[in-house]
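Visitor: Quick note, the sequences are listed as chains A and B, same order.
Those letters in the first sequence? Residues -13 to 298, by our numbering.
Those letters in the second sequence? Residues 18 to 295, by our numbering.
Some clues are possibly wrong.
[To be verified] Derived contacts from chain B toward chain A, CB cut-off under 8 Å, selection only:
| hint | residue |
| --- | --- |
| 1 | 73 |
| 2 | 132 |
| 3 | 136 |
| 4 | 137 |
| 5 | 142 |
| 6 | 143 |
| 7 | 146 |
| 8 | 150 |
| 9 | 152 |
| 10 | 155 |
| 11 | 157 |
| 12 | 277 |
| 13 | 281 |
To be clear, the hints were calculated from the coordinates, so they are not data collected in a lab.
Heads up, the beta-carbon is just placed ideally off N, CA and C, and yes, glycines get one too.
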Amino acid sequence: MADKKATREAYGAALAELGEKHDFVVLDADLAEATKTVMFKKKFPDRFYDCGIAEGNMMSVAAGIAATGRTVFASSFAMFAAGRAFEQIRNSIGYPHLPVKIGATHAGITVGEDGATHQCLEDIALMRTIPGMTIINPADAVEARAAVEASLSVDGPVYMRFGRYAVPVFNDAETYKFEIGKGVTMAEGTDLTIVGSGFTVQMALEARDLLAEKGISARVINIHTIKPIDREILTKAAKETGAILTVEEHSVIGGLGSAVCEVLSEECPVPVMRMGTQDTFGKSGTVPALLEEYGLTPAHVAEKARELLAKK
Amino acid sequence: MEQTTVTQLKKHALNIRRGVIEGTFNAKSGHPGGSLSITDILTYLYFVEMNVDPANPRDEKRDRFVLSKGHCAPALYATLAERGYFEKDLLKSLRKIDSILQGHPDMKHIPGVDTTTGSLGLGISAACGMALSAKHFGDDFRVYTAVGDGESEEGQVWEAAMFAAHYKLDNLCVILDLNGLQIDGPTAQVMNPAPHDKKFEAFGFNVITIDAHDFDQIEAAFKAAKECKGKPTAIIAKSVKGKGVSFMENSVGWHGKAPNEDEYKQAMAELDAQEGNI
């Protein structure tokens, strides 16, 4: 079994590591211990600014810092970054296309016991509507670190989505090449394609094994960059496998599934099914219990894949 | 302040007021009332106070101005034109489809605009970010931001005030344009944000209250702000909404309405008459 690590841990570690050679500042809104920006704070206390529990102000402050030509990361939970501070991100950061790097942790249902108020299932949908916003949803700790580093060279706003829950690390830190906007074919297949993003990529790979036992060949694609999305890899998969199953830890409204449908309806319409939360809020529970409740397990994915194949 | 300087500033201010009327008249929309109340402060900022160079509007060392009350863009644009950032003729293109002069300030396309604003409450926070950046990275520019009294009903204004005082942003100067009116009526009746002086004081600001149309008081306030160390300054600028155009003065209706042709002519005639009295 691969090591497990939360992508938020990788975010904090990446800030602390990259802070050595890049002269940026980090903002947080009283959640440094949770978002893991505390790792940067401990190493560079003079470059860390707590904004208190005032996320709207923090995002506009970040815009001001970026407007002076300096590099800044702003962190909070996805709910309070994309949700609470949506308008500040849109108007202070997005509209003037300022290169603020937003590190949003505790995204999705895997927040667990804190429940619906803190389980952000709509941040990707919200961020996708902002012109020029780059959205990265890393699948594991290796990809998360790579995303943070890549964000430094983006000349515009970047929204990075990290999770609270420890998830398997399957990419090899030594060899993994990360490129914003480029999907990754994790495994080849011919009968259908399962598209994951974030930790559901691992789930898709496990579902692929279950399907293989039944003689079904599933391709697995990792869409770590939701915007700009890799149209080419998706179109190719639709052409070659004829059916697409999306799996995400987000509402199926506006997230990965929607983004994939937007591409395929224009480029290569094929049957698509979207897994994620189905127009519902989350609830309290352990992560395994929640994933079971909302149908986000390899077994559920495999079952949905068979349902999808019937539509081909 | 020397009389010749005051005379010169008054002339600039009159031209800026003409620009506000010209812009909103041609656009057939816009916000003349709050533009005219902040005009004298803008005049002082851009002609005396701020270290800026119209020939090099992106100079990293420049002082910054953030029009947090972004709807008063006509005054900012007219000030920038008067200062030489672009041709005055451009003011006639305000809000038109191919113009760079957007309805609200746009830092990406308008020379001299330091921050994109318009959604109330956001600008003062951005100004805090700029001031923090200057302190952190060892730049010695100062940051000025104009906030409306109606705007101060936005909670984010006070989040920003808390932030500015907490990080001792003495390179930040907030100008609270206290004109007493907002869209729905007098601020005291719509949602009373008073008293601004005591609120800013309680948040940890150095507070100075002035007549927003008296250049000697404006000068004294900005000098005192610069000398104050360890805390940000808030200048409570008691102003007259619509200042300079009789029928717009202290009139709620002129918050966001453009003059028609007759009103335009009357406004311009009044401003011309004032020139003779400088």
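Visitor: Could you work out which earlier hints the structure fails to respect and list their numbers in ascending sequence?
Guide: 1, 4, 9, 10, 11, 12, 13
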